[in-house]
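First to last, the protein sequences are chains A and B. For what it's worth, the working numbering labels the leading residue of the first sequence as 1, then goes sequentially. For what it's worth, the working numbering labels the leading residue of the second sequence as 225, then goes sequentially.
It is possible that some hints are incorrect.
[Said to hold, decoys possible] Pairs of lysine-lysine, DSBU-like flavour, derived with a Cα cap of 30 Å: (1) B/K360 <-> A/K55; (2) A/K83 <-> B/K313; (3) A/K52 <-> B/K236; (4) A/K75 <-> B/K394; (5) B/K251 <-> B/K394; (6) B/K360 <-> A/K78; (7) B/K355 <-> A/K55.
[Claimed, not checked] Non-contacting residues of chain A with respect to chain B, defined by C-beta distances greater than 10 Å in every case (computed): (8) N22; (9) T26; (10) T28; (11) T71; (12) K78; (13) V92; (14) H102.
Read the hints as simulated data drawn from the structure, not as lab findings. Quick reminder that beta carbons are idealized off the backbone N, C-alpha and C, glycines included.
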Amino acid sequence: MKSEHLSFDQLSDLFDNEVTDNERKTFTLHIQACSTCRREYESLCMCLSMLKGSKGGCGCIPDICQETIATYRAKIRKREYLKSVPAIAASVLIIAGIGFLHTGHFMDEKTLFSAQVSTQGDLERIIDSIRDSKGRIISITGEYVDGEIPRSDLAKLERVLNYFRIKHTIISDTQSPLFTERSSGFEEAGFRTNSIAGASMFGRGSEFLMSSQNRNKIHVRIFK
Amino acid sequence: MSVIDDVEIISKVLEGDTDAFSHIIRKYQDMVFRYVYYQFNNYDEALDITQDIFITVLEALGSFRHESKFSTWLYSIMVNHCKNYRKKKNRYSTVPLKITKGEDEVDIQLQDFRENPEEKIINEDSLRIMKEEISKLPDDFREILSLRDIEGMSYNEISDILGINLSNVKVRIHRGREYLKNRLHSRGLI
Numbered sequence: 001m002k003s004e005h006l007s008f009d010q011l012s013d014l015f016d017n018e019v020t021d022n023e024r025k026t027f028t029l030h031i032q033a034c035s036t037c038r039r040e041y042e043s044l045c046m047c048l049s050m051l052k053g054s055k056g057g058c059g060c061i062p063d064i065c066q067e068t069i070a071t072y073r074a075k076i077r078k079r080e081y082l083k084s085v086p087a088i089a090a091s092v093l094i095i096a097g098i099g100f101l102h103t104g105h106f107m108d109e110k111t112l113f114s115a116q117v118s119t120q121g122d123l124e125r126i127i128d129s130i131r132d133s134k135g136r137i138i139s140i141t142g143e144y145v146d147g148e149i150p151r152s153d154l155a156k157l158e159r160v161l162n163y164f165r166i167k168h169t170i171i172s173d174t175q176s177p178l179f180t181e182r183s184s185g186f187e188e189a190g191f192r193t194n195s196i197a198g199a200s201m202f203g204r205g206s207e208f209l210m211s212s213q214n215r216n217k218i219h220v221r222i223f224k
Numbered sequence: 225m226s227v228i229d230d231v232e233i234i235s236k237v238l239e240g241d242t243d244a245f246s247h248i249i250r251k252y253q254d255m256v257f258r259y260v261y262y263q264f265n266n267y268d269e270a271l272d273i274t275q276d277i278f279i280t281v282l283e284a285l286g287s288f289r290h291e292s293k294f295s296t297w298l299y300s301i302m303v304n305h306c307k308n309y310r311k312k313k314n315r316y317s318t319v320p321l322k323i324t325k326g327e328d329e330v331d332i333q334l335q336d337f338r339e340n341p342e343e344k345i346i347n348e349d350s351l352r353i354m355k356e357e358i359s360k361l362p363d364d365f366r367e368i369l370s371l372r373d374i375e376g377m378s379y380n381e382i383s384d385i386l387g388i389n390l391s392n393v394k395v396r397i398h399r400g401r402e403y404l405k406n407r408l409h410s411r412g413l414i
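In isolation and in its complexed conformation, chain A is listed as follows (with noise of 0.2 Å):
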């Protein structure tokens, strides 16, 4: 055993006491009579009690409960408060959505009316909205604009002249006037039907007002 010095695994194992009795025995032997492998043991438990011996070599440590702690809280409500921003932002949009449409920027046809009359002064716009309805300007006033629109129209040009707060007031229905009488300076006219505003005083000159015979189509007055 002399002649085959023991390997540093051997050693090792010696050193962790991961041997048999009879290795243990053998080993301790044998270090004992050859100098190299006592040597190369020595060095082994000389690094490994200064290994172990760096264990109080880092420092103390202060106690980090109560930061760790806090930091954990800290890091759980963080969490709770992003998971709800997605909700949060969900919640936005529908209520916006729901109010875009609601105060009737979205028009059956997908078209944008705020986008086209915003820039426009009153009269243009009331004329556009008219026009966007497949409707036609009947009279210009410099107090209010006449229009003639078809029915299935009436509720879009509503609701544009609603959102942009234009006062109007539809002046025939399905009806045709019941009567019309001039007389100096006014003209005044009424309908048969009852279901809508009745009756109106209007300057002259408004001499297309009452024309109309077509069912389909409603007058309107647009005051500026």
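Got chain A; can you put chain B on it based on the hints?
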């Protein structure tokens, strides 16, 4: 504090008493900190990582299935956390602070003035060299020597913590010790 105590504390924490976890922290913080310190050789960094490890343990406490000792489970989280941290850290290079002396640029050595009683017992130079050599060990060797020779864990415990078989544990310990011994020999320490 026995193993049963750990289980009791875990039950309390899982029932919502987070403050009970402070017993676990107090019990294991020294060991965890020491291991982390020898992995990264930086006091402040080790302190932060130790805290992160306990937060990770606290978050994962519900998944502890009592199949092993709590300490083994905690140490395996510790080892994996350090591995992940090292990977993340290696992505970024660090540049030492330098100062110009004449025509040469030398690194600025920041002295650590913290109280360290153990350091007074062991020769300061030997400890410094030992720390340097530990930090220069390959990661696998440093990891296993910290667990075996600094913390004094058994081969079986190390096998459970690192998730490798016993023969691999033995081989790694032998190679690590041999490597370290040769390094210390070349520095004239042994």
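Status of each hint after checking the structure:
Our distance criterion of 30 Å between C-alpha atoms is met by B/K360 and A/K55, whose separation comes to about 17 Å. Restraint check for A/K83 and B/K313: the C-alpha separation of about 29 Å stays at or below 30 Å, so the hint holds. Restraint check: the Cα-Cα separation between A/K52 and B/K236 comes to about 35 Å, which exceeds 30 Å; the hinted pair is violated. At roughly 40 Å between alpha-carbon atoms, A/K75 and B/K394 are farther apart than 30 Å, so this suggested pair is violated.
Taken as a hint, the B/K251 and B/K394 pair is honoured in the structure, with Cα atoms around 28 Å apart against an allowance of 30 Å. The straight-line distance between the Cα atoms of B/K360 and A/K78 is roughly 39 Å, outside the 30 Å bound, and the hint therefore fails. Pair hint B/K355 plus A/K55 holds up; C-alpha atoms about 10 Å apart against a cutoff of 30 Å. Interface exclusion of A/N22 from chain B stands, the closest Cβ pair being 19 Å apart, more than 10 Å.
Every CB of chain B is more than 10 Å from the CB of A/T26 (nearest about 19 Å), matching its label as outside the interface. Interface exclusion of A/T28 from chain B stands, the closest Cβ pair being 19 Å apart, more than 10 Å. Annotated as non-interface, A/T71 brings its C-beta within 10 Å of a C-beta of chain B; the closest such distance is 6 Å. With a cut of 10 Å on Cβ distances, A/K78 stays outside the contact zone with chain B, its closest approach being about 12 Å.
The Cβ of A/V92 sits about 30 Å from the closest Cβ of chain B, beyond the 10 Å cut-off, so the non-interface label holds. Distance check on A/H102: its Cβ is at least 45 Å (rounded) from any Cβ of chain B, clearing the 10 Å threshold; non-interface status holds.
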